[in-house]
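Trainee: Each chain, letter by letter, is given below.
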Amino acid sequence: MTFTAADGLTTTGSVTVAAGSYTDGAGNLGATGSDTVAIDTQNPTVAVDIADASLSDADNSSLVTFTFSEAPLDFMVEDLVAVGGTLSGFSGSGTSYSVTFTAADGLTTTGSVTVAAGSYTDGAGNLGATGSDTVAIDTQNPTVAVDIADASLSDADNSSLVTFTFSEARWTSWSRTWWRWEGRCRGSAGAGLATA
Amino acid sequence: MAIDTQNPTVAVDIADASLSDADNSSLVTFTFSEAPLDFTVEDLVAVGGTLSGSAGAGLATA
Chain Z
1 MTFTAADGLT TTGSVTVAAG SYTDGAGNLG ATGSDTVAID TQNPTVAVDI ADASLSDADN
61 SSLVTFTFSE APLDFMVEDL VAVGGTLSGF SGSGTSYSVT FTAADGLTTT GSVTVAAGSY
121 TDGAGNLGAT GSDTVAIDTQ NPTVAVDIAD ASLSDADNSS LVTFTFSEAR WTSWSRTWWR
181 WEGRCRGSAG AGLATA
Chain V
1 MAIDTQNPTV AVDIADASLS DADNSSLVTF TFSEAPLDFT VEDLVAVGGT LSGSAGAGLA
61 TA
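Line order of the protein sequences matches chains Z and V. The numbering used here numbers the first residue of the first sequence as 1 and each following residue consecutively. The numbering used here numbers the first residue of the second sequence as 1 and each following residue consecutively.
No wet-lab data here; the hints were simulated from the structure. The hints are all genuine.
The calculated label-pair distances, taken between Cβ atoms and stated as ranges, are:
| id | chain 1 | residue 1 | chain 2 | residue 2 | range |
| --- | --- | --- | --- | --- | --- |
| 1 | Z | THR2 | V | SER33 | 20 to 26 Å |
| 2 | Z | THR67 | V | VAL45 | 37 to 43 Å |
| 3 | V | THR31 | Z | ALA129 | 38 to 44 Å |
Virtual Cβ for every residue (Gly too), placed ideally from N, Cα, C.
Produce the complete structure using the sequences and hints provided.
Mentor: So, in structure tokens, the structure goes:
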């Protein structure tokens, strides 16, 4: 007879012959008999955590931790898929591992680190489930387009509007530039993406 | 006259020591001290899994 373990269990399985369920030829009732087997058909899981919520040029890397439900066998950096950056400094043991994620430059995207499904197993050989976390990446440098409205100036028309159009609103750094510049020109600042 | 008041016994053996997704089934053998009468799959209680397959005869039943 074949015993097939149910899926998703960590338990002790058994097969028992019920007492008195059979007899010998003389009609004497049969005694019970039993055996047990260790069952682990529980797939291990992993929780991935990218410590930083967002990355930029000012802080372009974050620790990433991996916490497993059971100590994995053969978990290695090749089991990881990084989007929007690179991984380095892989280490760990038991149920805890870590790696450093460094965002690529020039990106505005959602980065992620994923443990591929089935890339590791628990001690019993059960395939591991996937795990993933994401991080907002903005390593895109802002730009500014300057436009002097008039093509030429003379005594007859000696002033022109100048506009500054930013790729992203960066008011803090803009105001520093503005105060340096103010001594040499008269006018008013704007806000947001277009500044007059 | 012949006296037989000895209750028969059975040794159950699940061949594998452990089961996982990688190997989730095992042969189970039943070895009786005397050939049983009316031993059927309904006499078995399985915990943590299900039973299937063929019966045997005489003292040893797989």
